[in-house]
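Asks: Take the two lone chains, each set in its own frame, and fit them into one complex as the hints suggest.
Spelled out, the chains give:
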Amino acid sequence: MHAVVVKQVTKTFGSGRPALDAVDLVIPEGEIHGLLGPNGAGKTTLIAVMVGLTLADAGSVEVFGLDVRRRLHQVQPMVNLVRGFSGVLEKVSARELLTYYALLYGAPKSRVDEVLRRTGLWERRDGEVATFSSGWRQRFFIAKGLINRPRVLFLDEPTVGLDLDAAMAVRELVREIAREGCTILLTTHYMREAEELCGSIDLIAGGRIVAGGTPASLKALVRGPDHPDPSLEDVFLALTRQSLEVGDE
Amino acid sequence: MNETRLAALRILAQAYHISLNLRRDAFRLLDVTLWPLVLFLSMGLFCQAFSPDPRAMGLVVLGCLGWRVIYHFQMEAVQIYMDNYWMGMIEHVMISPVRWWEFILGGAVSALGKILVIAALFLGLGRALFGVRVEAPWTVLAALLACAACGLVLAVFSMGVAFLKRGDAFAFIFAFPDAIAVLSGVFYPVTVFPGPVQALAALLPTTHAFGLLKATLGLGRPEPLLFLATLVPWLAGGVLFTSWALGRARRLGKLVKMR
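Protein chains in written order, with the working numbering: chain H, 1 to 249; chain F, 1 to 259.
Bear in mind the hints are in silico, worked out from the structure with no lab data behind them. Just so it is clear, CB atoms sit at the ideal spot from N, CA and C, and this is done for glycine as well. Any given hint could turn out to be false.
With a straight-line Cα cutoff of 16 Å, these simulated EDC-like cross-link-like pairs (lysine to aspartate or glutamate) come out [what the hints assert, rightly or not]:
| # | chain 1 | residue 1 | chain 2 | residue 2 |
| --- | --- | --- | --- | --- |
| 1 | H | 109 | H | 126 |
| 2 | F | 165 | F | 53 |
| 3 | H | 91 | F | 223 |
| 4 | H | 91 | F | 25 |
| 5 | H | 91 | H | 128 |
| 6 | H | 7 | H | 57 |
For the chain F half of the interface with chain H, some residues (derived, Cβ under 7 Å), not all of them [to be verified]:
| # | residue |
| --- | --- |
| 7 | 1 |
| 8 | 9 |
| 9 | 12 |
| 10 | 13 |
| 11 | 22 |
| 12 | 182 |
| 13 | 183 |
| 14 | 219 |
| 15 | 221 |
Okay, chain F solo, but in the shape it has when bound (with noise of 0.2 Å):
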């Protein structure tokens, strides 16, 4: 069997993990339910009761929807690592030729389809409660795909942090993606925020994939570019980060729940 097939196998070996979990543990299908429908809700319905602004609204639920594509992509891969850790079976996998990035690959399959699901109870809900209909369906897609390319390099970094800091990793894990979402601008134009903010929300790449989203709105121009642009630092920036992680997590014997 070549190596492209192995590692093809060991991705699908991640989201195949992760179909474990959903189906072994019901809490885990809150957050392609419940959570979700929580935010948007909340979020929709403030909105229609204090904004006449049809915009607004569609922002409400392409923002949210966004920011669900980038938790997803970037809590998949590192949950599948937390969770073997945490059942005491990281050996038994980190001793496999599995590679680092085949977590994030067989994370975001799991992503793809959970997002499919929340795409459509938002999509479904946003037009039948709000009267939101998507009208450029491809650029809004295209906006979605660069959100998950964001997720993906949240995930990238979060695996270094895994992989060093083990257990105690988890609460960056969680909030690291909503904070980053926040500073992002997910409702509203970074301007909001005092200019050192702004400055450093304009060199995340989460900020321009927003800011396609929101283009497809009318709400400000879409900056293609400036979203490569920011992405491709931060993508090296991970790759370098969490090679040295593993490195050093091999030297420290952080890959074993043993010592």
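Just chain H, same shape as in the assembly (with noise of 0.2 Å):
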């Protein structure tokens, strides 16, 4: 069974041209699907559509066969969402925050003691959360994103401004929680993360998926004279310019 299947989603915001134009997307249960692109290129946009926080202008998205906009209430307890930058409410210990959202989802607080144990931070479970460093911050929203056991977790830039040890610790959690058997999609600038952590990648640029398949199948695409061996960051290049010249013309 797929986990998440997009069909034909346009959005557009304002009278600007389209953030999202007739996007399909299948993610496959159980895998680390990786959606790539430049600033602006409709990723966030997107989970934003998958998770039901924005409704499509047209088109559908499917969780587990469950269609998010007629049956939101139904998605909601089986999608979380992780993202690099969010902010936290000051002066709230991490195991009092995770209590909210525990509460949010009807998990029992011996889940709160469970995702801080799970993502390292049970140490700091008192601690103030907007104390913390950008890599222990990020574990914290990771714990979050965890706390209502979803099937499907989206995590959008999540390592985005950690150094390296926090960028490879957050790297490691992401394996583990896909081994448990979460279906995952991650957005991430770095391609030597996506092409590490993912089974599966799209690649969207102005709105549009340029591309799609294994890192080795998207090679394959612009293998040639040009690039011999290329690596991920020649086909990320090579395909979204090649979609927004034409986007342009």
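Replies: Given below as structure tokens:
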């Protein structure tokens, strides 16, 4: 079964050009799926549409066969979101803030302790999240993302701004979460991260999916005299630029 | 876990959120201490200095209390939403199964706690400083519940405005209950207003809720049916407006602080 199926989703804000333009996307269950694109490509808008925070103008999104628009209240307990640069309440501890999120999902109190341990935050459970370094703060948001045992976890640039050690720790956590059967959609600007973690990848530019497949199949698309042994960065630059040039015409 | 229990936990979550905020920000405690006392003492001392009628002093005590009841029952719910918005946490809340009316009921739980503190202050000081005694406590309680119902109706409308206007909604949300209280004759009969304003005031449930409070002091007749007749349409209108506003906010991408 597919975890998420996006069909012909279009979204325009105001009178500008579409933020999403007839997007089709499939996330297989149990996989880490990458969504890569330059700034303003539509990654975050697409996530917001997939989790029901924003309604598409046209098209449909299904999460485990449930239409997000019509059955949002049933979809919501199955998904969660982790973002880079999220804010937190000041002067509130990790445990207190997680308790708030646990109550929103009807998760038992024991689940708070479970995710604190799971993300390595147990020793800092009574520390103020607002004073955490960005790495520890991101662990907190992963803990928050796991609080409802989501079947699909959306990770929107989870390692942005993290130092090397913190980013590695977050990537290891992501792998562990996927091993436990959670489907993950990951957006990132770090191509190596995507290659390391993702079983399949979609490239988005100008609100359109420009290519999709495994990292190997994407590389095959641009392999040639210019790129005899292309990296994912070569693929990204070639396909997203090409698409934007076509779009501008 | 059944849906009723889940909804109860989400309501509790909102009250818990307010308790976290109260603790982290001492300024919020002024809402149940300094600000109500400023209103109460300034009105009370003014009345003591200029009016020999004990009913006027009674009206100051009950009017201040009714006003604060409306304010807190309106404000708490919206405050939770706005705090989450300002802190950049709104998408983490709105992605959950929380429903808009659960913010309002969670806010009501918190409002109830705050009003107990304020009522103790006003009634205690009213008696000690101004010799005001509540003669019919159950009737006063019923009138205060009517004020609470009005506060909830204002909260319903305010949630809709918050969904649509986000950070810009704040000025409206703060001004709304106070403007309504003044228009509803909190310390005076609405007959002091010009005709068209009186007609407008008659359409407000708050006017009739204050009327119930005034009647406990022998100032006018209680009109509970008129109160209900105005409350129900306002509530229905608020529910329709806020349901529409939430859908529109979702379409416009306003439930996320990201684009």
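Asks: Does each hint hold? Answer for all of them.
Replies: Consistency of the hints with the structure:
1. Taking the CA atoms of residue 109 of chain H and residue 126 of chain H, the gap is about 15 Å. The hint holds against a cut of 16 Å.
2. The straight-line distance between the Cα atoms of residue 165 of chain F and residue 53 of chain F is roughly 45 Å, outside the 16 Å bound, and the hint therefore fails.
3. Restraint check for residue 91 of chain H and residue 223 of chain F: the C-alpha separation of about 47 Å exceeds 16 Å, so the hint is violated.
4. The suggested pairing of residue 91 of chain H with residue 25 of chain F holds, with an alpha-carbon distance near 8 Å, which does not exceed 16 Å.
5. Between the alpha carbons of residue 91 of chain H and residue 128 of chain H the distance comes to roughly 6 Å, so the proposed pair stays at or under 16 Å and holds.
6. Between residue 7 of chain H and residue 57 of chain H, the direct Cα distance comes to roughly 12 Å. Compliance with the 16 Å bound is thereby established for this hinted pair.
7. Given hint, residue 1 of chain F at the interface with chain H, holds; its Cβ is 5 Å from that chain's nearest Cβ, closer than 7 Å.
8. A cut of 7 Å between beta carbons decides the hint on residue 9 of chain F: the least distance to chain H is about 5 Å, and the hint holds.
9. Interface hint at residue 12 of chain F: satisfied, since its Cβ lies 6 Å from the closest Cβ of chain H, which is below the 7 Å cut-off.
10. Taking 7 Å as the C-beta cut-off, the interface hint given for residue 13 of chain F holds, the closest approach to chain H being about 3 Å.
11. Among the interface hints, the one on residue 22 of chain F is violated; its C-beta lies about 11 Å from the nearest C-beta in chain H, farther than the 7 Å criterion.
12. At about 33 Å, the closest approach between the beta carbon of residue 182 of chain F and any beta carbon in chain H exceeds 7 Å, and the interface hint on this residue is violated.
13. For residue 183 of chain F, the interface hint is violated, since its Cβ never comes within 7 Å of a Cβ in chain H; the closest pair sits about 35 Å apart.
14. Using the Cβ-Cβ criterion of 7 Å, the hint placing residue 219 of chain F at the interface with chain H is not satisfied: the shortest such distance is roughly 44 Å.
15. A least Cβ separation of about 45 Å between residue 221 of chain F and chain H goes past the 7 Å threshold, and the interface hint is therefore violated.
Checked against the numbered hints above, the structure violates hints 2, 3, 11, 12, 13, 14, 15; every other hint is satisfied.
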